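For the record, the sequence lines run as chains A and B.
Quick note: the first sequence uses my numbering, first residue 1, plus one each step.
Quick note: the second sequence uses my numbering, first residue 1, plus one each step.
Hints in this document: simulated from the structure, not taken from any laboratory.
Hints are supplied without guarantee of correctness; some may be wrong.
In silico DMTMM-like links for lysine to aspartate or glutamate, alpha-carbon gap of 20 Å or less [to be verified]:
no., chain 1, residue 1, chain 2, residue 2
1, B, K56, A, D67
2, B, K56, B, E320
3, B, K57, A, D163
4, B, K86, A, D85
5, B, K56, A, D109
6, B, K57, A, D68
Note that the structure is a prediction, hence the values are computed from the model and not measured.
Here's the letter readout for the chains.
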Amino acid sequence: MDADEIRRAVTRMFHEILERNHGADGLLLAGIRTRGVPLAERLAEQIRQAENVSIPVGRLDINLYRDDLSERPRMRIRPTTMPVDVAGRTVVLVDDVLYTGRTVRAAMDAISDLGRPLRIQAAALVDRGHRELPIRADFVGKNIPTRQMELVRVRFNETDGIDDVCILERGTA
Amino acid sequence: MVATVSNEPEVFQGNAVPVPGLRRHVLDLDDFTAEEIAATLDNAAAMRAVLERDVKKVPALRGRVIMTLFYEASTRTRISFEEAGKILSADVINMTASASSIEKGESLLNTGLTLQAMGVDVIVVRHPHAGAPHFLARNLSNVAVINAGDGAHAHPTQGLLDLYTAREHLGGLSGRKVVIVGDVLHSRVARSAVWGFAKAGAQVILSGPPTLMPDPLTPGGWGAAGNNGVANPLANVSVESDLDAAIEGADLVMALRLQSERQQRGFFPSLREYIRRWQVNDARMARANHDALLMHPGPMNEGIEVSSGVAHGERSLIEEQVTNGVAIRMALLYQLAGAVAVEN
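This is chain A alone, in the form it adopts within the complex (with noise of 0.2 Å):
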């Protein structure tokens, strides 16, 4: 996907965001760390422009709820903050990718400790597909099918300086 496509599929995800949830009112978009900060910051901003609504983005680290402390050890913790009080609220949960699933089973637990949301959704700007969880997004920018060899990397401006979605081999050094 190039700059273009991501954008498309963003505008599709905040309009389907509000259609779902009958518009912005109790809102709050909580990104996962890294990459999914940017992406719900950009759905809050297109949300601004287009309804003149401001929703509230928080900031998620799953890094303590994780259940592979073993496989991926010494990881670097930041903050998570969440701008507003998560209780009561319809929490959207936003990521780059929807893989496995135990980063939103993760991400669910980090909530839940954080108070008790009216409800909880998930968007992902990819959906590569291998749950290993009983878990689906609500929301998907774009479906593509992978093979588990393979790694789904997402660059956003915000983070890496430019704007794409590529599928790589793993393990190819």
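Place chain B on chain A using the hints.
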């Protein structure tokens, strides 16, 4: 759209920025790089945010067993480790020497081997003899060891929490003037703090009775430049016995606990003289920078090494140090538990 890359897969997985260095144990700060210290302090900042929540619990270390093994009395360090472990959902078992088989004469090695056989993941040890944690680390193959204070040698978790607290208030530590005053000679707190602050680029001045100052570490003294092209990490550390001179323009003053037995052993003539010359009080703090900060590792002898007014004044960070201690220990436990899990 398909391409090949030569990088490690982790490069593209946003959350996976590892802490530099391959660390199994935390024995002292002398083998920490400045980068590893900075990464640990960053993790502590995230842990500090967990401490401020209503629900102070995360599942990161579920199923891990942490043992605190204390051969010396302690309040804040032991409780701080226990709280840190419990907030991370580890099981924490406390063992004190006075209520265990150590009373029956079991050696440190055999105690360590016993705990290892029980499946303990991390041993947090405090011992009156310098090097005891290093000895355990050398002889146990499956356990991470954290030094919670060994003799007059090192207290690295205290050093890190001091650095964290200082960094939170001063921003960068490079070029900052840090005065450590008191019984530096017998202080493991000072020794670890010196390593930490020196590596962070601060200018460290040690002050106190000349009899309680350490000998110069290198032939040319503390301030000697390195040789063989290797910079002396302690090049910015100096000794100035006169506290009034040392404290001039300081950004941070760290007062150390004075043990009264030192006077009986003749290190200084009288407590009154010590108070007159080396107590951190309002008049002395006035010579430091106008927003200079005070730290003390505790437990405090109020009215001896530090006046009550300064200890409880607005520049005092003493209580914040305690809170930050929990965050630092959470960060270290998290980092070590991950490393142990990989090796096993």
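Hint check:
{"no.": "1", "hint": "B:K56 to A:D67", "in the structure": "holds, 19 Å"}
{"no.": "2", "hint": "B:K56 to B:E320", "in the structure": "holds, 17 Å"}
{"no.": "3", "hint": "B:K57 to A:D163", "in the structure": "violated, 37 Å"}
{"no.": "4", "hint": "B:K86 to A:D85", "in the structure": "violated, 25 Å"}
{"no.": "5", "hint": "B:K56 to A:D109", "in the structure": "holds, 13 Å"}
{"no.": "6", "hint": "B:K57 to A:D68", "in the structure": "holds, 18 Å"}
Violation of the numbered hints given earlier is confined to hints 3 and 4; the remaining hints are satisfied by the structure.
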